[in-house]
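Colleague: If you want the building blocks of each chain, they are given just below.
There are 2 protein chains.
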Amino acid sequence: MTGWLAIAGLGPGDAGMVTPEVTEALALATDVVGYIPYVARIAPRPGLTLHATDNRVELDRAAHALAMAADAKRVVIVSSGDPGVFAMAAAVFEALEAGPADWRALDIRVLPGITAMLAASARAGAPLGHDFCAINLSDNLKPWSLIERRIRFAVEADFAIAFYNPRSVARPEGFAHVLAILRETCGAHRPILFARAVSTAEETLRIVPLGEASPDMADMRTMVIVGSSRTRTIERPGGSWLYTPRSAA
Amino acid sequence: MTGWLAIAGLGPGDAGMVTPEVTEALALATDVVGYIPYVARIAPRPGLTLHATDNRVELDRAAHALAMAADAKRVVIVSSGDPGVFAMAAAVFEALEAGPADWRALDIRVLPGITAMLAASARAGAPLGHDFCAINLSDNLKPWSLIERRIRFAVEADFAIAFYNPRSVARPEGFAHVLAILRETCGAHRPILFARAVSTAEETLRIVPLGEASPDMADMRTMVIVGSSRTRTIERPGGSWLYTPRSAA
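Heads up: the protein sequence lines correspond to chains A and B, in order. 185 is the number that the numbering used here gives to position 185 of the first sequence; each next residue is one higher, with no gaps. 101 is the number that the numbering used here gives to position 101 of the second sequence; each next residue is one higher, with no gaps.
Hints listed in this document are in silico derivations from the structure and should not be mistaken for laboratory results. Note that the structure is a prediction, hence the values are computed from the model and not measured. Each statement offered as a hint is correct.
As the list makes no split between identical chains, a pair holds if one copy fits it or if it spans any two.
Subject to a maximum C-alpha distance of 25 Å in a straight line, what follows is the list of computed DMTMM-like cross-link-like pairs (lysine to aspartate or glutamate):
#1 K73 / D54
#2 K73 / E235
#3 K73 / E24
#4 K142 / D216
#5 K142 / D158
#6 K142 / D60
#7 K142 / D54
Chain A with its partners taken away, still in its complex shape:
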């Protein structure tokens, strides 16, 4: 039996957003590897070994998965959302580049998933309907000066901006700085979306003007999207839709 490695996205949480190709890879796997809460989403079965590890050991986890695939295992690394967006795929290629040369001949596939910003955008309307960018506020791999610089250019470019990991454990005060920069550059009326635990039982959505946004509106499970200068709200019974028109003018 030839081994392989699939790096698969489980989407934001609901089983209705897991693609059939990911489900099929999981059905064929001998080993599933990932961060504890993502592995907890996989049903145990005979012949399948579950390897749940802590979130801070991505490179070790990736090397372990590659070594198992080289040892003829059929391995799935699970990420939430899409594995290519602030998740395990980049870590696997880092480990691949640093690892033994024969790993480069392995059968490796990345299986995309519904990433958090698209799930959040869908629930709120269409805030990413025009040009946009995605910025990871997790700080352990990126200096704050670069984050600030990137946000300022993103606002100059008039992108809608999706923020992943707004309140990381290592630097909880960072998000207050982000909100201050956004208020300074976008003004108090620009709408901002806080979408928490989308597609799960704990889902909450909140759309406020930047002037009313506060850091405590986001936690580790919140996706934050700030609109471009064109982003609009539409009032509806019980709430509002948030969307960015297709036209720039």
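The hints should help you fit chain B onto chain A, whose structure is shown.
Modeller: Frame of chain A, contents of chain B only:
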């Protein structure tokens, strides 16, 4: 029977990337609305009316779908990829805002899908593994000056950049300008990915340095991703992987 409208993403082409919630909405629909090639992906069945229209009538199509939902139909608007990314969701909310007030009480859901940049990124490795942006080069709704300005800020921010619709019919020469700006600002060695018709029988992938990129490498079915300053290639048998490390330094 109460009507509803679902705006659903069919993913890049392969049935293995259509989410179960989209499949379920299609199974319940009385009417499917969309651009001709997307509606062609839906199997006819008794009780289902297919409404295939030209690509240039998004607002009319959206208003038609909303009117049918208000008339107690169960309507699915189909987009390729994700409906919220340069697709039909924004057009629906534009039509909703301009339409009769009672449309705002309609049951409207956006069902996310695997958007083209994430499918292309997965096939190539993980070029969007760090901060990135998405820019639509389709010109009919956006002046060229804004596109150029946005690209220059995106390069300053050091985003990887995903370009949708690189060669639109209305302005085929625009993509040559884009490549010239990228060569000027990113240099000749920065890698660029041309991913055509990902997940279909016509799929092709090509990764070249910017200095070797030419406009004819992209057509209407091509997703183009240019790396950030950190994006790297890994040689492997028969090709290479393209990825952006998680670390910025």
